[in-house]
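Asks: Spelled out from the first residue to the last, the chains are:
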Amino acid sequence: MTTSATQFQIDADRTTADEPRRAAVRSALGNYKVARDKTESAFASWQHARDAAAAIKYEGVNHLDHYLKEFEEKFTARGGKVFWASNGAQARDYILNLARERRVKSIVKSKAMTSEEIHLNDALEKDGYHVVESDLGEFIQQLKGEAPYHFVFPCMHLKREEIGALFQRKLGSEKTDSPEELTMIARRALRQHYLNADMGISGGNFIVAETGMISITENEGNARLATALPKIHVALVGIEKVVPRLADLALLLPMLATAGTGQQLTCYNSMYGGPRQPGEIDGPEEFHVVLLDNHRTRLLADAEQRDALHCIRCGACLNVCPIFKNIGGHSYGTTYQGPIGSVITPHFRGLQDWKHLSGASSLCGACTEACPVKIDIHHHLLQNRRNAVAEKKVWWERWLWAGFRELMKRPWAYQMAIRLAPLGQVFHPLVLGTSLDPVEPWTKTRDFPEAATKPFHDWWRDRKGVRK
Amino acid sequence: MRVTLFIPCFIDSLYPKVAMSIVQILERLGHEVIYPEGQTCCGQPPFNSGYWDEARDVAARQISVFRDAEVVVSASGSCGAMFKKFYLELFHGRPQEAEAKALSAKTYEFSEFLVEKLGVKDVGARFDGKVTFHDGCHGLRELGTKAAPRELLRAVKGLELVEMGEAESCCGFGGMFAVKYPQISTAMAEVKCNSIIDAGVEYVVSNDSSCLMQIQGYLSRHSPRVIKSLHLAEVLVQQ
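Line by line, the protein sequences give chains A and B. The opening residue of the first sequence carries number 38 in my numbering; numbering runs sequentially from there. The opening residue of the second sequence carries number -3 in my numbering; numbering runs sequentially from there.
Isolated chain B (complex conformation) (with noise of 0.2 Å):
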C-alpha cells in the first residue's frame, strides 16, 4: 500500500526519531511510505484558541498537500483528530467541505492504521522493559482508540505491559492550555505522572507525542527515578 505520512510539526521539530520509527515499521511490513515536504501544522493551536479564521488558511493548505494520498497516516492522535474530526466542523458549509470529508476518512492514527487497517498486531518488534500505556484523549475519545496500541504492546516480545490506574486520565497537556493555566496543567501532570511512578514501570509509552512532552517534561524534574517516555513507534521500530 502506498502510506502518507501526516507528521505533526512538533514530532517534525523535537521528536524525529518517532517519525524515522514509522517510516521504518511501514516500510518492513512492504509498504511504500510517501512524505509530502510541503505539509506543515495541521493548525490545532489556533483552532483551539478560537482563532478558527487563521486555523481554516492552515488547514486548507494540508488538506491541498494530502489530496492525492491514498491513505493518511498520523503520527500523534491528536493531530489525527484534527484530520479526522475538527476539518470537518472548521469546513462546514465551506467550498473545501467535499475535500475535508474526503481527507477525514483517508486519515488513520498509526496504531490504528496497523491494527484496524493493515490487520497487522505483531510487527515483530522485540523490547525489554516494564511498560506502561497513556491513552491521549484525543486518541481516545475523538477517534476511540483504545485496543489497538495495547495489541500492539502485546505482541512485542520481552515487554510487560502494566496498566497503571490513570491510564485514561489526561495529563493536562492540552496546548495552549498547558501555558495559559500553568498551575491546573501542572497539578495534572502531578496525578498522571504519579500514577505512572505507581505502577513501578521503567517506561512510559503513548500513541501522542505532545502528551509525552508534558508527562516526560515533569518527570524529568519530579520523578525520585528515571522514568522514560517513548512513542509507540519508538517502541515498535526496535528488534
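Here chain A stands alone, though its shape is the one from the complex (with noise of 0.2 Å):
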C-alpha cells in the first residue's frame, strides 16, 4: 500500500467512529437536499437544463484552443494580461515575481481551490508576504490551519461554538456562539484587510471566451471587494472553466447555484473584463489572469475521460455521496474532495498513489444523477480501477481474480464449491472473532448468512427429475 492509501484507511477509521461529526454533517446536507430540490423543480425541464449545460460545457473543453484564444485576444485588448501556466510552478512563480516587482506587501484572496491545488498561499507566505483569505469558511479555516474541508462548503464540518473558540483564541474576541457575532467579528478583522492589500488573488467561475471576460459568483461580496480595492488583481483559473458565449451564463450561473447551494441565484454575480479604464472610477490598475493546465490537458488526452472537465465544482456529487457523508472531506487528502475528486486525483497526482480513492466506493451514482453537467461520475471510478490494474496487479489479487475465473468458467467446479460452502461454514465459528477469520473485515461489524444445504441448483434439478 501507497502512503496515501495507508492514511486513507487510517482517516475513514477515525471518521467514521465520529457520529456526532457524522450526524452534523448528514443533518446539514439534508438541509442542503430540501433546498436544492425546491429550486430543480424550478426549472421546466432539470434534465434538459442538464443536457444543455453539458453540450455548453462540451463545447468550451472540446475547443479550448479556439475559445482560450478568444479569450485572450479579447482581454488583452482592454489591458489586461494572460498568463499561460503549464503547471503549478510556473503559476506560482509567476505570481511571485509579479508581488516582488510590485513591491506588494499584502495580500487579499478570494475563494480560490485552484491556489490550494498548487499550494499558492505557502509559497506566499514563505516569500513574507501577508495572505488572508477573505471567504468566511476559508477564513475560518486558515485561523484553523486546515485545508478546506469541502471545496464549496470549507468549513461545513466545524460547529458553531467551535468557531467561537477559534476567533476567541485566535481574534481575541469574546466568547459567544451566535452566527450574526461571528460573522461581524470575522467583517471586522477582515475590513482593514482589504484596504490594506495591495494585491486581490481570485479564482474565476468561467472564463467567457466571447467577450474576453472572467466570471466569479459568490454569496458575501468579498470577492468583490478583493478584486477591487488593490491596485493589482490576478485570477488563478484552470483552463477548463472556458465558456465560448456570455449567454451560456445564463444557464450555467443558476444551475451552479442551484446545485451547488440549492439557491436560485448566488447574491453576487460579477463579471471582470480587464483593468480600470479611462474614466472608470474603481477597480484594479493591473489585471493578470493565470490560465491554469497542471495535468488537465493530461486529462483532455483520455476521451472516456474528458467529461470530468466539465465540471463546474458545484460541489453537489460531494452533497449526495454517502462516502464523502461518512468520512468527511479531509480524509480524501486531496484538494478536490468527494466523488469528483477521487475522479481527477489519480490523473492529477497520480494513478497507482491515488487508484484507492476510485476503489473506495460503492459506486452507487448518486453523484452522477446528481451532476448539473452529466459527468458520468462513478462509472470513471471504475475506470480508474480498470486502468490501474492495467498498469499494475497486485499480485494477491492477480491470483483472486485468475482463480475466480477458473472457477466460475467450469460449472461444475462452480456447484461443487456452493454444495460444499455450507460445510465450510460449520467450521466458521472456531476462528470466528479472531485474526483467522478470512471474512473478518465483513464479520466484524456484521452477521454472515448461512449457505442453503440445497442451493438452488440443485432444487432446479430435483424438481426437474420429479417432474419427468
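Honestly, the hints are just simulated from the structure, not real lab data. Yeah, the Cβ is synthetic: ideal placement off N, Cα and C, and Gly gets one too. Please note that a few of the clues may not be correct.
Examples of chain B residues lying across from chain A (beta carbon under 8 Å, computed) [to be verified]:
#1 M(-3)
#2 E23
#3 T36
#4 A174
Each pair of labels, with its calculated beta carbon distance range [unchecked claim]:
#5 A:A287 with B:K142: 26 to 34 Å
#6 B:G196 with A:G67: 18 to 26 Å
#7 B:E93 with A:H85: 44 to 52 Å
#8 A:H85 with B:M172: 35 to 43 Å
#9 B:K113 with A:H85: 25 to 33 Å
#10 A:L457 with B:G196: 39 to 47 Å
#11 A:P57 with B:K113: 41 to 49 Å
#12 B:L157 with A:K207: 48 to 56 Å
Got two chains here, each in a separate frame; can you build the complex from them with the hints?
Replies: In C-alpha cells form, the structure reads like this:
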C-alpha cells in the first residue's frame, strides 16, 4: 500500500467512528437537499437543463485552443495580461515575481480552489507576504491551519461553538456562538485587510471567450472587495472553465447555484473584463489572468474521461455522496474531495498513488445522478480501477481473480463449490472473532448469512427429475 | 412466454428461496420457466475490481449460456445491470459485442419484467406486515427501476408500504468495497438501517439480495428489535 492509501484507511477509521460529526454533516446536507430539490423543481426541465449545460461545457472543453485564444485576445485588448501556466510551479513563480516587482506587501484572497491546488499561500507566505483569505469559510480554515473540508463549504464540519472558540483564541474576540456576532467579528477583522492589501487574488467560475471576461459567483461580496480595492488583481483559473458565449451563463449560473447551494442564484455575480479603463472610478490598475493547465490537458487526452473537465465545482456530488457524508472531506487528502476528486486526482497526481480513492466507492451512482453537467462520475471510478490494474496488478488480487475465473468458467466446479460452502461454514465459528477469520472485515460488524444446504441449482435439478 | 432465469451465484448459494419464489410466481402467471444449468456468475466481482480480462472470460460464458433465451429475467438488479449495461462496456469493440448487445436488450430485472414487460402489477399475493422498500443502487440508477417494485408491493393484500427517509441511499455493500473498506461500508449500513428502524417496519424488502445481505447482516447485530429482510419475490409468492 502507498502512504496515501494507508493514511486514507486510518482517517476513514477515525472519521467513521465520530458519529456526532457525521450526524452534523448529514443534517447540514439534508438541509441542502431540501433546498436543492425545491430550486431544481423551478426549472421547466432540470434534465434538459443538464443536457444543455453539458453541451456548453463540451463545446468549451473540446475547443480549448479556439476559445482560450479568443478570451486572451479580447481580454488583452482592454489592457489585461494573460499568463499561460503549464503547471503549478510556473503559476506560482509568475504570481511571486509579480508581487516582488510591484513591491507588494499584503495580499487578500477570495476563494480559489486552484490556489489550494498549487499551494499558492504557502509559497507566498514563505516569501514573506501576508496573505488573508476573505471568504468566511476559508478565513476560518486559514485561522485553524486546516485545508478546506469541502470545496464549496470549506468549514461545514465545524460547529458554531468551535468557530467561536477559534475566534477567541486567534482574534481575541469575546466568547460567542451566535452566527451574526461571529460574522461581525470576521467582518471587522477582514475590512482592514481589504484596505491595506495591494494585491487581490481570486479564482474564476467561468471564462467567457466571447467577451473576454471572468465570471465570479459568490455569496459574501468578498470577491468584489478583494478584486476591486487592491491595485493589482490576479485571477488564477483552470483552463477548463472556458465557455463560448456570455449567454451561456444565463443557464450555467443558476445551475451552479442550484446544484451547489440550492439557491436560485448566488447573491453576487460579477463579470471582470480587464483593469480600470480610462474614465472609470474604480477597479484595479493591473489585471492578470493566470490560465492553469497543471495536468488538465492530460485528462483532456483521455477520451473516456474527458468529460470530467466539464466540472463546474458545484460540489453536488460531494453533497449526495454517502462516502463523503461518512468520512468527511479531509480523509481524501486531496484538494478536490468527494467523487469528482476521486476521479480527477489520479490524473493530476498519479494513478498508483491515488487509485484507492476510486476503490473506496460502492459505485452507487448518486454523484452521477446529481451532476448538473452530466459527468459520468461513478463509471470513471470503474475505469480508473481498470486502468490501475492494467498498469500494475496487485499480486494477491491477480491470484484471487485468476482463481475466480477458473472456477466460474466451469459449472461443475462452481456447483461443487456452492455445495461445499455450508460444510466450510460449519468450521467458521472456530475462527469467528479471531484474526484467522478470512471474512473478518465483514464479520467484525455484520453477521454473515448461512449458505443453503441445498442450493437453487440442486432444487431445480431435483424438481426437474420429479416432473419427468 | 418462455422465461429464462438468471440466478446470480450468491442467490443460488445463500438465498435459494428467492429463486424458487420467482419460479413459482412466473409459473402461476402461466409462463414457462427455463433455467440453464450451465450458468455461474456474471463476472461483476472482478469487473468492479478492475480485472476486466478475467471478468470478460466469465461473462463470455454467460453470453453463450443465454444465447437462445427469448427473455432473461434476473433475480438481482445489480447482476441484471451487469448483463444490461456493463457487458456492453466489457465487450465494446470485441468480437462478442453484437451478442452482448442482444443479451442486454432481452434482459430484465424481475420487478421490471413483471410490470413493464408483462404488464402485471397484482400477482395475487397476500402478506400481512408493515414493509419498507430499499432501492438497490444498480437497479435504481443503472436500470432506472423505481416505480415497478412499489407498484407490485402496493397490490399485495394485507401489506402496508412505508417509505423510509433514506430509501435511495446506498446500503454500503458495493461488493469487494464491503471488505476493503469495512469501516465506511459499515457506517453506510448504520445510516441505512437506522432509517429502516425509524420507519417502524417489521420487514425491509428489496429487489437485490446483495443489499439485503448487508442490511440483514447489520440489523441482526445492531437492531434493538427484530426486522426481517426479504427479497421482493419472497413477498410476492405468499398467498
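Asks: Evaluate each hint against the coordinates.
Replies: A quick look at each hint next to the structure:
Taken as an interface hint, M(-3) of chain B does not check out: its beta carbon lies about 19 Å from the nearest beta carbon of chain A, beyond 8 Å. The criterion of a C-beta within 8 Å of any C-beta in chain A is not met by E23 of chain B, whose closest approach is roughly 11 Å, and the hint is violated. Evaluation of the T36 of chain B hint against chain A yields a held restraint, the C-beta minimum of about 4 Å falling below 8 Å. Interface restraint check: A174 of chain B against chain A, minimum CB-CB distance 6 Å, threshold 8 Å, status holds.
A beta carbon spacing of about 32 Å between A287 of chain A and K142 of chain B agrees with the range 26 to 34 Å that was offered as a hint. At about 20 Å, the CB distance of G196 of chain B to G67 of chain A agrees with the hint of 18 to 26 Å. Checked against the hint of 44 to 52 Å, the C-beta distance between E93 of chain B and H85 of chain A comes to roughly 31 Å, which is inconsistent with it. Look at H85 of chain A against M172 of chain B: about 37 Å separates their beta carbons, and that is inside 35 to 43 Å.
About 28 Å separates the C-beta atoms of K113 of chain B and H85 of chain A, a value consistent with the hinted range of 25 to 33 Å. At roughly 41 Å, the beta carbons of L457 of chain A and G196 of chain B sit within the given window of 39 to 47 Å. The hinted range of 41 to 49 Å is satisfied by P57 of chain A and K113 of chain B, whose Cβ atoms lie roughly 48 Å apart. Distance hint for L157 of chain B and K207 of chain A: a CB-CB separation of about 53 Å, consistent with the stated range 48 to 56 Å.
Checked against the numbered hints above, the structure breaks hints 1, 2 and 7 and satisfies the rest.
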